[in-house]
Every structure is written in C-alpha cells, then in structure tokens.
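Enquirer: The residues making up each chain are set out below.
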Amino acid sequence: MSALMSALKNWDDQRTETFIGNLLRAGVLLAASVVGIGAIIFLRKYGGLPSDYRTFHGEPEQFRTIRGIFHEALTLRGRGIIQLGLVLLMATPVARVVFSIWAFAAEKDRMYVAFTLIVLAVLLYSFLGSGI
Amino acid sequence: MNTLEFTALVGAGSFVAGLLGALTGLGGGVVLVPLLALFFKVDIRYAIGASLVSVIATSSGAAAAYVKEGYSNIRIGMFLEIATTIGALAGAFLATRISSTAIAIVFGVMLLYSAFLSRKPRSPKERNLPPNPLATRLKMNGSFPEGGGVRHYNVQNVPVGFSLMFGAGTLSGLLGIGSGAVKVLAMDQAMKIPFKVSTTTSNFMIGVTAAASAGVYLSRGYVDPGLAMPVMLGVLAGSFLGSRILVETETKWLRIIFSVVIAVLGLQMLYHAFTGKI
Chain R
97 MSALMSALKN WDDQRTETFI GNLLRAGVLL AASVVGIGAI IFLRKYGGLP SDYRTFHGEP
157 EQFRTIRGIF HEALTLRGRG IIQLGLVLLM ATPVARVVFS IWAFAAEKDR MYVAFTLIVL
217 AVLLYSFLGS GI
Chain X
153 MNTLEFTALV GAGSFVAGLL GALTGLGGGV VLVPLLALFF KVDIRYAIGA SLVSVIATSS
213 GAAAAYVKEG YSNIRIGMFL EIATTIGALA GAFLATRISS TAIAIVFGVM LLYSAFLSRK
273 PRSPKERNLP PNPLATRLKM NGSFPEGGGV RHYNVQNVPV GFSLMFGAGT LSGLLGIGSG
333 AVKVLAMDQA MKIPFKVSTT TSNFMIGVTA AASAGVYLSR GYVDPGLAMP VMLGVLAGSF
393 LGSRILVETE TKWLRIIFSV VIAVLGLQML YHAFTGKI
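Chain order of the listed sequences is R and X. The first sequence begins at 97 in this note's numbering and counts up one residue at a time. The second sequence begins at 153 in this note's numbering and counts up one residue at a time.
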C-alpha cells in the first residue's frame, strides 16, 4: 500500500505516457488475438466458399448489438468471435480516455482531468445514442 | 475469388494502408476505402465500416509506440479531442441537413492546396518561436527526440487550432473519412507544432474520433466480420512497422509522403463528389 502511495506521489508525465502506451498495446493485442481465433474458425468453415461484398445487405441483428455479439461469440461461432474482437478494438480508445482521467488525477492536474471528463461524456453520449 | 484468397489479398492491402496511415497520421482509411471500393468492388457502406475499424487499429497500434517514445503530446491530444468529438456529433446532426457533395468539393480543393503547402519545410525562424501565453497555461509546450537529442517546441495559435479541430470532427461526422488530414494540418500549419509531433498526435487522436462514431456504424450494420477481420489484422501489423519507420525517417521525407497522400485524398473527394458517391 505504501509502495502504491509513493508511486502515485512521484507520478509524472513520463509515467503517464508509459502507462497509456502499455494500455493501448494491451488493448490492441487482446483484440487482435480474439479476432485471430475467430478468423481461424471462420476460415476453416467458409474459406473455400466465394466471397461477395458487392451489394449491401446490412449485418444481421446478432452482429449489430453488444448483446447479440456476445451471444454469437459464446456459442463459438467464428464471425461472432471476430465481431467481439472488433468491439474490444473499438473500446480501446475509450478505455484510454477513462484511464487518462486516472493518470491526470495522479499527476494532480485538475485542468486535464476536467478536459478528459468532457471528452468521455461526449463519447458516452454518442455510444448510448447509437442504440447498440 | 474464394474467401481465403479474398482474406489474404485484403489483408495485404490493409498492411500497406496501416503502414502509410501510421507514417502520415491519417489513419488507414485514405488508402483502404478506394482499394476496397474500386479494386475489390466492395459496397461503399461496407468499405466505410471497414475503414472505421482500420482507423482505430492504426491509431491504437501506432500510438502505443509514439506515446511511449515521447512523440505524441497527450495534453495537446486530449485538449483538442474536446473539439473533435463535439464536432463529430455536430457533423452527424448536420449530415441529413446539408449537401455533403458541396462539402466534399470544398474539402477536396482545400486538400489539394494543403498538399502544396505542407511540402515546404519550416524556416529556422518558425522553428524557434517564443512561448504563447495561452498554450503555456494549457501546458501544451513539449519536447520530442530528434537527431539523438531532445528538441523543445512552443505551441502557437491555440484558438485557431481548436476551431480547425472542431471542423475536422464535423467532417468525420459528415463524410466518414478525412479528419486525420485536417488534424495534421491544424497542428502543423496553424499551431506550428513540429511535423513528427503533429502526425503522431493526430494518430493518437483519430482513434477517439473514430470511436465516437463506431457505435453508429456498428448498429447500422456497416461492420462485416468477414471483411473487417483481414482489415484489422493487416492494418495493425502495418501500423506496428510504420511506427518503427517513422522514428528513423527524416521529417523531409515524411512531409513528401504526407503531401502525396493528401493530394490523392483530395482527388478522391472530388471524384466521389462528381460521381455522386458521397
């Protein structure tokens, strides 16, 4: 506990940068692993079939909502797992904003805590408004 | 073409898109949308969904390196993201109310002009500007590694930069692509931020701007897993390589690559406008 306190006391810009850099790397690598697993299942099943994206059909319901995507991924369908990985990818910048608030607070930089909160509020507003 | 071949080809194309996107701070969409739409004959809506995925992948993939190595300025990025995210909401609101064709024409012409401007290296006088009071209060001035040492810089014209960022966000909400170009230009030309810091900070920011519209595109059914999978994996690998190359490359060459890519983007905008695809 005291180690954590002293770590927070000496928190500076460089620590914030290392922390945010590591967070982004972890986010994309996790997302890429999930997409990669889904890709193997998907390609083993559909690899030999023709692919055609000339006409837009819109994705079916289960690939358009978080609930549907989780359901498809948990039943180990390739495309559901890929879509889950893509959602993790989309969540990475949002997680970066959330943890920046924490990092700026550790630096005792109130001005930037406030700026980051505004960005987060706008992001959440646009996510909630989209109906996913 | 079967799915396996399609996946391999799209993955290879996306690798190049991610590489260029990470080097220029523009994201992968500039290369990816025309590649998918013209070469692979993918419907423009699926292409835009895949492009959105590619922007987030380039941004997060390359930013990990740029932030840790001290190129991206996270304070400049966070502050300006207020303008881009609110701008993106305004763009989505305006999308159904104004002619996106007219905007694409203006934007296309502007990009061609900017391609000409941004080729020029900065004069020594412009490299050593005095601190600006507002930028100092906002703690935006910083430093980055250059030629084995560290170079300091003082940020200028914050209100102009902030307004341009609002415009960049609005454009991404309206047209789906192109906001990275305005971000780099606003930081480089208006705020006088060194080029490598401008492109890497733009790269850091575009992921958040794209995430702001990700929910909308996902719920509209634009994001297809079979198409987005090779795009994401290819772009990510390309952006990892791009972030290594940027560190080793002279700014002069990065400016040339950037101006060529935005000139192509400008022509693409005009093409879309005159063929009614936007």
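To be clear, the hints were calculated from the coordinates, so they are not data collected in a lab. It is possible that part of the hints are untrue.
Subject to a maximum C-alpha distance of 25 Å in a straight line, what follows is the list of computed PhoX-like cross-link-like pairs (lysine-lysine) [as the list claims (entries may be wrong)]: (1) X:Lys404 - X:Lys344; (2) X:Lys291 - R:Lys204; (3) X:Lys193 - X:Lys277; (4) R:Lys204 - X:Lys272.
Now the in silico label distances, taken between C-beta atoms and shown as ranges [what the hints assert, rightly or not]: (5) X:Arg271 - R:Gly132: 33 to 41 Å; (6) R:Leu224 - X:Phe426: 32 to 40 Å; (7) R:Lys141 - X:Leu161: 17 to 25 Å.
Using N, Cα and C, we set each Cβ at its ideal position, and we do this for glycine too.
Enquirer: Work down the list of hints and note, for each, if the structure agrees.
Expert: Against the structure, the hints come out as follows:
{"no.": "1", "hint": "X:Lys404 - X:Lys344", "in the structure": "holds, 16 Å"}
{"no.": "2", "hint": "X:Lys291 - R:Lys204", "in the structure": "holds, 13 Å"}
{"no.": "3", "hint": "X:Lys193 - X:Lys277", "in the structure": "violated, 49 Å"}
{"no.": "4", "hint": "R:Lys204 - X:Lys272", "in the structure": "violated, 40 Å"}
{"no.": "5", "hint": "X:Arg271 - R:Gly132: 33 to 41 Å", "in the structure": "holds, 39 Å"}
{"no.": "6", "hint": "R:Leu224 - X:Phe426: 32 to 40 Å", "in the structure": "holds, 37 Å"}
{"no.": "7", "hint": "R:Lys141 - X:Leu161: 17 to 25 Å", "in the structure": "holds, 20 Å"}
In summary, the numbered hints that this structure violates are 3 and 4.
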